[in-house]
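Residues per chain are reported as follows:
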Amino acid sequence: MADHVATPDSRGIGRSLLLTLPVALWALLMFSRALGVPGVAVKVAALLTLIFLVTLFFLMVRTRQTNRWRRWFFATLGFLFPIGFIWELIALRGSMSIPMEKMIAGDTPFCFMVIPMILLPAALTRTVIFPGAILPTASNPHSIAVMIGLWMAATLVLGKGWCAYGCFFGGIEEGIAAMPRKARIRKIDGRWRLVPWAVLAAIVLLSLATLAPTYCEWLCPFKTITEYAEVRSIETAIQAGIFLSLFLGLVIVLPWLTKKRTQCAFFCPFGAFQSLFNKIHIFEIRIRRDECKDCVSCQNSCPTMALSKQSVADGKTLINCMHCGACVDVCHKDAAVWHIKGTPVGAAPERARLLHLYAAWGFAIMFGGSIIAGTLTKMLGFLG
Amino acid sequence: MRLLTEAALLGLASGPACLASCGPVLAPWLVAERAGWRRALGLLSVFLGGRLAGYLLFAIAAGLLGATMPLGARARALLFAAAHLGLAATLVVYGLRPRRGRPEPPLVTIGPARRSWMPVLLGLFTGVNLCPPFVVAAVRAMETGSVAGAVLFFLAFFTGTAVWFVPFAALGALRVAETAATVARYTMLALAAYYAYLGILTLLARLLDG
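These protein sequences, in sequence, are chains C and D.
Numbering that gives the first Met the number 0 applies: residue 0 is where the first sequence begins, and numbers increase by one.
Numbering that gives the first Met the number 0 applies: residue 0 is where the second sequence begins, and numbers increase by one.
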């Protein structure tokens, strides 16, 4: 994962430790329950996760680099989530596929990807068009209310940053994209970044027309590694084929060839939907025009193509910026800076970065950390 | 008169169902047009004209077939498939063709700049949609036992449904950015894939069932 990054002066160890202390305490609080329960696997998994996350935060503070270390967390989350989820499904039902009777019983785990599709039908028909349970049950803890509550909290804290600190699906692509040394495909037409908006519009309209979550039924690449409708007909076989093709193409092959998060950048309707919340998010990344030499490093480094020639000229990122910090990390001239809306650009960029990081990493520990620790517990338990 | 009132009321009551089936096509198309109020109303009229043509064609067929020969499952499936494939093809052509007076090339381009018959086709293919209200209207039209009666019935039914489409003109009146218009065109392509899939699946199902 060693991409070329600019190397600003490191912060002193003592000061870095002091700045890491709040996050360490938060992590201790989050994992205190797991550390207290009987069972070696749970304790070891919680401890390993805690050390991993706090160390990464310390490195972010010390090196003043964000994306370089964030990626390790995010890729780990991306690769461990499906393992833990599939493990759980197999334990619960003995299969990754969900039978129709389970769907009818409301046992389908709710996924945040569904949120844009259920809003209009819910407003117009007072019906949630998803075969899940509103409140958690023993057989389905991932209920609609829990996931929407979690998403709302994350959105308030992170805005589109959800895609860089919360979305375990994006972590898989991030990990794959980080593997090759160089991109094989470098020239990508910027208009591809409009496609997620079109997919979003299409699925919202079709979900309203058919009163069914169209994206989940037909287009979600991540069904391949989570769960899918049991293949019992030509239609479900076609659906499974579409899921697998999209997963292989957008999540494995294209990220490898482009070193971009291609599913997120050129397909994901939830990412487009989440971009809207950047408008109310207080943190952003700005380009200081007086410092910028138009070297395009920032544009090349962005995993979701959230910078264009025009946006750089305007001193801004595009609306789909997920605040991963890649552009800030690679900028040799410190032209790309973190910024709090309403303050002068470049006034205290490091302070803005740290404030954003406290919020984002706090969420990452709570949400991603619990997923990582949970999967590690299962794996360690399995190994005995 | 009673039958015409019934047809108009059926159309009026079925409006939301009509919007659900036609809205996904109509909304992105009108946004992509960035037409302004006057032209948007004009385009909507042409669209509704195409829709009316679809209704009337069906009405004539219903009148000719008469009440003694209801629309069979096979014919219904073929009509459904043809309408959806036609709609998909129109959406693809519409979405990929260069916009008149817009120098920026799209990602993929086919054919010359669009022509005004496209809205007619969109209206026609969305009109011949075998949604439940349409099927009810078709059965009642057949029961009139004459072509004139069926045509009048569908005219009244169309009038009832058309009321629901008028607010869509506001979408065409939106002066959205070029980017939003491009997104709307891509949306039409995504919808084309969906309708093409529906058409092909229906055809396949019919073929497999013999």
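FYI, nobody ran anything at the bench for these hints, they're computed from the structure.
Being a predicted model, the structure only gives us computed values, none of them experimental.
Some hints here could point you the wrong way.
[Unchecked claim] If you anchor each label on the Cβ, the simulated ranges turn out as follows:
| # | chain 1 | residue 1 | chain 2 | residue 2 | range |
| --- | --- | --- | --- | --- | --- |
| 1 | C | Ile85 | D | Trp116 | 28 to 38 Å |
| 2 | C | Trp191 | D | Ser44 | 30 to 40 Å |
| 3 | D | Cys130 | C | Ile184 | 41 to 51 Å |
[Stated by the list, open to error] Some chain D residues close to chain C (C-beta under 7 Å, calculated; not the full set):
| # | residue |
| --- | --- |
| 4 | Ala19 |
| 5 | Pro23 |
| 6 | Val182 |
| 7 | Tyr185 |
| 8 | Thr186 |
| 9 | Ala189 |
| 10 | Leu190 |
| 11 | Thr201 |
No residue lacks a Cβ here, since even glycine has one placed at the ideal position from N, Cα and C.
The hints, checked one at a time:
1. Ile85/C <-> Trp116/D: 28 to 38 Å: Once the Cβ atoms are compared, 52 Å apart, the range 28 to 38 Å for Trp116/D and Ile85/C is violated.
2. Trp191/C <-> Ser44/D: 30 to 40 Å: Check passed, 35 Å falls within 30 to 40 Å.
3. Cys130/D <-> Ile184/C: 41 to 51 Å: Because 43 Å falls inside the window, the suggested range holds.
4. Ala19: At about 4 Å, which falls below the 7 Å cut-off, the nearest Cβ of chain C leaves the hint on Ala19/D intact, so it holds.
5. Pro23: Constraint on Pro23/D satisfied, holds at 4 Å.
6. Val182: holds, 4 Å
7. Tyr185: holds, 3 Å
8. Thr186: The hint holds - Thr186/D has a Cβ within 7 Å of chain C, the shortest such distance being about 4 Å.
9. Ala189: Given a least distance of 4 Å, the restraint on Ala189/D holds.
10. Leu190: holds, 5 Å
11. Thr201: violated, 11 Å
Comparing the model with each earlier hint shows violations of hints 1, 11; every other hint is respected.
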